[in-house]
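With the hints as extra help, turn the sequences into a complete structure.
Position one of the sequence shown corresponds to residue 33 (the numbering used here), numbered consecutively onward.
Hints are supplied without guarantee of correctness; some may be wrong.
[Said to hold, decoys possible] DMTMM-like mimics (lysine to aspartate or glutamate), calculated; alpha carbons at most 25 Å apart, straight line:
{"hint": "1", "residue 1": "K320", "residue 2": "D389"}
{"hint": "2", "residue 1": "K157", "residue 2": "D179"}
{"hint": "3", "residue 1": "K320", "residue 2": "D263"}
{"hint": "4", "residue 1": "K292", "residue 2": "D389"}
{"hint": "5", "residue 1": "K286", "residue 2": "E260"}
{"hint": "6", "residue 1": "K84", "residue 2": "D57"}
{"hint": "7", "residue 1": "K257", "residue 2": "D285"}
No wet-lab data here; the hints were simulated from the structure.
These figures come from a predicted structure and were not determined experimentally.
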Amino acid sequence: MTSILFGEISLKPIRCKQLLNNIVDGLAKVRPGTIYAEVSQSATSYQCGYRKISYANFANAINGLAHWLHDTLGPAEKFPTLAYVGPNDFRYNALILGAVKAGYKQARKKPLAVLHTSDTTGFPKPIVWNHEWVGSWSDWLAIAPSDGYTNQTALWTSKRLLNTLPSFHADGIFMTLLNAVFNQKPLIYPLSHVPFSTQIVLEALKHVKADIVLLAPQFVEEVGKNPEMLDFLVKNIEMLLYGGGDVSQATGDKISKRLKLSMIIGSTKSGAYPAVFPSDKWPSDDLKYFHFHPNAGMELRLHSENRYEAVLTRDTNPEKTQPIFSVFLLLNEWETYDLYASHPSIPDLWLYSGRSDDIIVLLTGEKPNPVSMEQQISYHPEIRAALVIGAHRFQTALLIELISPQVLSTVEQAKAVNRTFMADYSASKSGMSSPC
33 MTSILFGEIS LKPIRCKQLL NNIVDGLAKV RPGTIYAEVS QSATSYQCGY
83 RKISYANFAN AINGLAHWLH DTLGPAEKFP TLAYVGPNDF RYNALILGAV
133 KAGYKQARKK PLAVLHTSDT TGFPKPIVWN HEWVGSWSDW LAIAPSDGYT
183 NQTALWTSKR LLNTLPSFHA DGIFMTLLNA VFNQKPLIYP LSHVPFSTQI
233 VLEALKHVKA DIVLLAPQFV EEVGKNPEML DFLVKNIEML LYGGGDVSQA
283 TGDKISKRLK LSMIIGSTKS GAYPAVFPSD KWPSDDLKYF HFHPNAGMEL
333 RLHSENRYEA VLTRDTNPEK TQPIFSVFLL LNEWETYDLY ASHPSIPDLW
383 LYSGRSDDII VLLTGEKPNP VSMEQQISYH PEIRAALVIG AHRFQTALLI
433 ELISPQVLST VEQAKAVNRT FMADYSASKS GMSSPC
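What follows is the structure, given as structure tokens:
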């Protein structure tokens, strides 16, 4: 269940328990001309401009897909999972809600979507969001902040957002479906049939107005290294938002001196974490530090020297239960495995500093498991030990120690690398994981 219903004359959302499908249908009936999204007229070029998709259009697409699914596959009596891979546009969200209408009963415990995540073993696994998860996530992010603070969500809930994250990914669904519908602010898509690049975003902004751009970390790094790109964004948007991984301190400092930069932290299982920032000052000097909402149920527990693990604890009020406990019904607390370091002088500010399970988070959002990779590489008869590194980088690097103590020439080193290459390659395949 979601927790927003829009009235005909209300300017702000009325808090009321409703299913996501019912909210879209209600908007299509009461405010049919309200814009849900804007997409390029052409899938490969911006030359023809942008097309507006109203809630009436969106609801019609959902209903059409629901009828097609019912006629083609029959009613979904036992909640089968439908797999879809297609262009990165609003069809993902139309299919999700169309599948609900095609056979899922309108009940808060029933499935809405199945997403993939990476586990501590490095292998993806399915995570089921039900309608209750969506409602609890919406309420979780809407917890009133303390005096003198503003919720992080206020940065984008009233803004036009250009999303570049994939619609099959949790962050993509957060912004393109949940945030867009909850807050009735137009969502903007880049070209859907062209390989993504930062240049695609710059070209889009020449044809459509956006207040915020949401990028994956590797593209934020590209902006930080390209003065012309940064100049253009400073002139055309208010904020750069990123999620799915971290960016380097140097890049963050360079961008934040000229443009607001903010990071979304969370997981597929729990959703984005509620956060706050001071109302009277944008924390550009501490941009990589995160201030968890004090009423979100997040505890920072000492793990090692100045490293604390974030642990979510269940709210005792059933109406305020956090979304993670709609996934893990029997748990009263959930360890995130994310480690944070405290700010040297400001209380309640936390800097992400790695994982307690050794998972490496790359700039691309991929999460390789170095332990399994190192073990497999060490099986090679010439290798004594192996070390995989790469946090905050585009890809991993490998250091190996050979069993032979002999000092090798450059040519001999190259030959040793070639002899051990297949072991390295096989291990890299086994250790890679999907973004979560």
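For the pair we were handed, K84 and D57, check the Cα-Cα distance against 25 Å.
18 Å, holds
With a cut-off of 25 Å on the C-alpha distance, tell me whether K320 and D263 pass.
22 Å, holds
Agreement of K292 and D389 with the hint, judged by alpha carbon distance not exceeding 25 Å
32 Å, violated
Take the C-alpha atoms of K157 and D179, compute the straight-line distance between them, and say whether it is at most 25 Å.
Answer violated: K157 to D179 is near 40 Å, above 25 Å.
Hint check: K257 vs D285, CA-CA at most 25 Å. Holds or violated?
Given that 25 Å is the threshold and the Cα spacing comes to 12 Å, the pair holds.
Between K286 and E260, does the CA-CA distance stay at or below 25 Å?
The hint holds at about 13 Å.
Holds or violated: K320 to D389, with C-alpha atoms at most 25 Å apart
22 Å, holds
Of the numbered hints listed earlier, those contradicted by the structure are 2 and 4.
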